[in-house]
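In the order they appear, the protein sequences are chains A and B. Going letter by letter, the first sequence gives residues 313 to 873 in our numbering. Going letter by letter, the second sequence gives residues 34 to 350 in our numbering.
Think of the hints as simulated: they come from the structure by calculation, not from any bench. Hints should not be assumed to be uniformly reliable.
[Unchecked claim] Partial chain A-side listing against chain B, Cβ under 7 Å, derived:
# : residue
1 : Trp430
2 : Asp780
3 : Gly782
4 : Val783
5 : Asn785
6 : Leu827
7 : Pro858
8 : Ile861
9 : Trp869
Treat the numbers as computed from the prediction; the structure is a model and nothing was measured. C-beta: ideal position from N, C-alpha, C; glycine also.
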Amino acid sequence: MSDGKYDTEVKLVLQEVSNADPAEVAKEFERYENEFLIPPRDALRSVVRKFMEPGSDADKTVSQPAIVAKKVSRFSELGSNDRNVSIEVLVSSYNSRLQQVRGEERQIGFGFIEDSPWEGERTKWEYKDWGNKAQDLLPNSIVRLEGVSVNEWNGKKSININQTSRVSVLKEGSGTPSVPTSEPITIEQASKGESTVTVVARVLSVKPDQIIRRDGSGSIDVVRGRVGDQTGSIGFLSWKALEVEEGDLVKIENAQVKRFRETPEINIGDYTKIEPYHDGAFPTKDDIQQESKSTIMNLRDGMRDVEIELQVVDWTVRSFTTKDGESREVRSGEVQDPSGRCRLTSWAKVDLIPGSFIKIQNARVQAWQGSPDLVTDGPDQIEVLEKAPFGPIDSSNHWVTEDLDVLTSGGSRRGISTSGRIVSVRSDSGIILRCTKEGCRRVLRDGMCGEHGEVEGSEDLRLMMVIDSGVSNASLLVSREPAESVIGESFQEITERIRTSGREPFMSELKERFLGHRVTVNGRSINDDRGCMIQAESLVVSETTPVEIAESVIERWGVVL
Amino acid sequence: MTFSNPIRVGRQSAIRVFAHEYRDATLPEQGSGEYDPGFMVTRLGAKINRALIAGTIDSSERRESESGQSFRFNLIDVTGTHRVEVSPFNPELHPEAEEIHARFERGDRFIMMVVGKQRSFTTEDGGVFTSYNAQEMREINSQTYAEWLAETADATLRRIDAYEKALTAEQSMAGFRGAGIPEDLVDGMLLSRAHYPDFESEVYMLDVLQALNAALGRSVEIVNRSPEPVPSNPVVEEKPPQNIVSENGSAMSLDDLIISTIAAGDRGEGVDYDAIIRECSVHGHSRQDAEDAIDSLRAVGGRISEHKFGWFRLTEV
Numbered sequence: 313m314s315d316g317k318y319d320t321e322v323k324l325v326l327q328e329v330s331n332a333d334p335a336e337v338a339k340e341f342e343r344y345e346n347e348f349l350i351p352p353r354d355a356l357r358s359v360v361r362k363f364m365e366p367g368s369d370a371d372k373t374v375s376q377p378a379i380v381a382k383k384v385s386r387f388s389e390l391g392s393n394d395r396n397v398s399i400e401v402l403v404s405s406y407n408s409r410l411q412q413v414r415g416e417e418r419q420i421g422f423g424f425i426e427d428s429p430w431e432g433e434r435t436k437w438e439y440k441d442w443g444n445k446a447q448d449l450l451p452n453s454i455v456r457l458e459g460v461s462v463n464e465w466n467g468k469k470s471i472n473i474n475q476t477s478r479v480s481v482l483k484e485g486s487g488t489p490s491v492p493t494s495e496p497i498t499i500e501q502a503s504k505g506e507s508t509v510t511v512v513a514r515v516l517s518v519k520p521d522q523i524i525r526r527d528g529s530g531s532i533d534v535v536r537g538r539v540g541d542q543t544g545s546i547g548f549l550s551w552k553a554l555e556v557e558e559g560d561l562v563k564i565e566n567a568q569v570k571r572f573r574e575t576p577e578i579n580i581g582d583y584t585k586i587e588p589y590h591d592g593a594f595p596t597k598d599d600i601q602q603e604s605k606s607t608i609m610n611l612r613d614g615m616r617d618v619e620i621e622l623q624v625v626d627w628t629v630r631s632f633t634t635k636d637g638e639s640r641e642v643r644s645g646e647v648q649d650p651s652g653r654c655r656l657t658s659w660a661k662v663d664l665i666p667g668s669f670i671k672i673q674n675a676r677v678q679a680w681q682g683s684p685d686l687v688t689d690g691p692d693q694i695e696v697l698e699k700a701p702f703g704p705i706d707s708s709n710h711w712v713t714e715d716l717d718v719l720t721s722g723g724s725r726r727g728i729s730t731s732g733r734i735v736s737v738r739s740d741s742g743i744i745l746r747c748t749k750e751g752c753r754r755v756l757r758d759g760m761c762g763e764h765g766e767v768e769g770s771e772d773l774r775l776m777m778v779i780d781s782g783v784s785n786a787s788l789l790v791s792r793e794p795a796e797s798v799i800g801e802s803f804q805e806i807t808e809r810i811r812t813s814g815r816e817p818f819m820s821e822l823k824e825r826f827l828g829h830r831v832t833v834n835g836r837s838i839n840d841d842r843g844c845m846i847q848a849e850s851l852v853v854s855e856t857t858p859v860e861i862a863e864s865v866i867e868r869w870g871v872v873l
Numbered sequence: 034m035t036f037s038n039p040i041r042v043g044r045q046s047a048i049r050v051f052a053h054e055y056r057d058a059t060l061p062e063q064g065s066g067e068y069d070p071g072f073m074v075t076r077l078g079a080k081i082n083r084a085l086i087a088g089t090i091d092s093s094e095r096r097e098s099e100s101g102q103s104f105r106f107n108l109i110d111v112t113g114t115h116r117v118e119v120s121p122f123n124p125e126l127h128p129e130a131e132e133i134h135a136r137f138e139r140g141d142r143f144i145m146m147v148v149g150k151q152r153s154f155t156t157e158d159g160g161v162f163t164s165y166n167a168q169e170m171r172e173i174n175s176q177t178y179a180e181w182l183a184e185t186a187d188a189t190l191r192r193i194d195a196y197e198k199a200l201t202a203e204q205s206m207a208g209f210r211g212a213g214i215p216e217d218l219v220d221g222m223l224l225s226r227a228h229y230p231d232f233e234s235e236v237y238m239l240d241v242l243q244a245l246n247a248a249l250g251r252s253v254e255i256v257n258r259s260p261e262p263v264p265s266n267p268v269v270e271e272k273p274p275q276n277i278v279s280e281n282g283s284a285m286s287l288d289d290l291i292i293s294t295i296a297a298g299d300r301g302e303g304v305d306y307d308a309i310i311r312e313c314s315v316h317g318h319s320r321q322d323a324e325d326a327i328d329s330l331r332a333v334g335g336r337i338s339e340h341k342f343g344w345f346r347l348t349e350v
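Let the hints inform the model, and build the full structure from the sequences given.
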């Protein structure tokens, strides 16, 4: 795709690195410009550096008996014998344990790292830290690893960080390094990362369970349950038999906190020690359970044992035929509480009346299209309440106003309303083509669907923008109906207009209407590792006057003019 | 894939910042990774990669270079000048930039809002010049501008508050968090405190007050700054002498104040424009008066020189 646009810069690079491939260099500039928004002039040094890397042809003329460095950006580029590798990764977890190495007790770190930390799809690999680099490998940090090697065992590759490896922190993480300690921490602290922990907690529930092996080779007996303290509660999964009962106070030493979807869970394994603990002042089971009642805004994908009080908005029964030809029914509907809205699915025959109040227990949370939804399996999990646990909510207009900063840092939510200024109207706004294959609505790029290849598309309307509060930002997706309504024209009218006068005037008009303006959006927020997206169900350009904004600023900060 | 604390390596938020705070900044922060975003850290701890700025167009320049055409606009808000560049590598903005330039040449003045990426340039002697690379821009009306002023005043107050907290807190991430400094400011504030000497946050409070007054409609200076160039031949003597009483009780004219500010502040590289204006406003002079006085001292009196853009020295006699 280089059409001479970068000729000047390419020439400069070739002066420094005569044997670089001009086409590759131009591609790199294009990458800098398009992906990293660094103009070629500013990217010059980086590009030169990249093509001068040791191991390039320029370097090979010098006799180097040592293993040449291999610089890669993706794990997939690595072979099982690669050593002296350089790669930038995101540290997703850091755990450590003490291990006997050649008769000496050493602290070994291990966990997961992900390639391509800055953008795009990531791949997760395991790693081991033999070099005691815990301080530089905080969870969520982005680091450059140099001089690391690939280890392959049982067909699975992983990364070894050695004592001679270098770790440079590019972006600081937010966790704390977990060093094995028998000092108990709170459940709240334990829930934050993925590490080895010791906690003192009350057993809230405990029941035997089975995990079926995927390869069909049988099942494993496990114990599941929940423990809690005054700071919260957390589920646990024990791979060994437990001699604890509901209500027991225990010290759980050396357990692993792992994440199932977005929910942390304490894993009890062979190394974990569980012993009774005595503390007369520790909250009782009832106290903790009272505290651990959920609200819709706090639901996260993968949660179990959820107890929550809700109002039913609507309820429908749907029947379907399973793969085995069996006919089954599933009931679901929209529910709400003062903190928001979500869906509830019941696999048991429970008929609920819209408007009634219910309390559900032991529910699970499953994400559907990014939003956490509640699921119950048995009829006894849903209890209809006589008395309303909270005041009336107008379900036709139940939007919980939330700061954009809160939405971008929490879980996915439905039924929210938020405000911010539009700082970008993306050029892929307007009329788009969608894949017409059944069940697929992917947007076509150059007539191609990512899943189905070349297909005939059907036209649709959507707006893509960026909403920004000055502290955080989110993609804003406005689909056909809300777009029609905010523009004040029908899909047909807009299509016709673009057909007759072109895209340019339409785009300028969109910018005119939205760019730099403050908007209020009702809809849902979806958070994943690519960031936050708000899907608008309705959108209005805010009519707050500058005087009102100024007055609220004066009040907030106590300014004396 | 999930994280305990989802990090957003994606898009940097557009910091609301006045021209004065940004122009005072001298701490570029470039991560060590090749693709790390670059930042400019202000004295109030804003870590700016992208900013949302607004102001009245005050100058427009079109340049041709080897790499192509570029534009430079100066936008003035109530606190100073934003320098905005539309680079040759951003051709999508060129039609708009072209039209803005043409309108400016015709004598049209109007308010613009710009989403810009920070840029900076460090001279050999350590001076740092800040500007923005425009990503999005458009003309706005004075109502939207006033909203921006109020919002930016809010963001500035939030940073002033954080700065005051940082002065007494333990100088560490944990110390700053414990002192109630918002999470998004912790990192920038640490960098700022390690780089800049202590200062009175009052200088930025003046920006806030001016902006809030303007947003409340108490100022006439929002839109219609005189499109006429500063008269090229003002007679200095005709100006009423503006006397202020300095702390030791002696009267000092605005001109003397400017000259003594430069004399006191020049450590070789000169004193930058905003520092002079700031000193004048601390002593109760309006920005307009200070700007006029600097202009006449340079153009007419010849007592000060602008050896490089935005930096002033006393003329040697």
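Consistency of the hints with the structure:
| no. | hint | result |
| --- | --- | --- |
| 1 | Trp430 | holds (5 Å) |
| 2 | Asp780 | holds (5 Å) |
| 3 | Gly782 | holds (5 Å) |
| 4 | Val783 | holds (5 Å) |
| 5 | Asn785 | holds (5 Å) |
| 6 | Leu827 | holds (5 Å) |
| 7 | Pro858 | holds (3 Å) |
| 8 | Ile861 | holds (4 Å) |
| 9 | Trp869 | holds (4 Å) |
In this structure, every one of the numbered hints holds.
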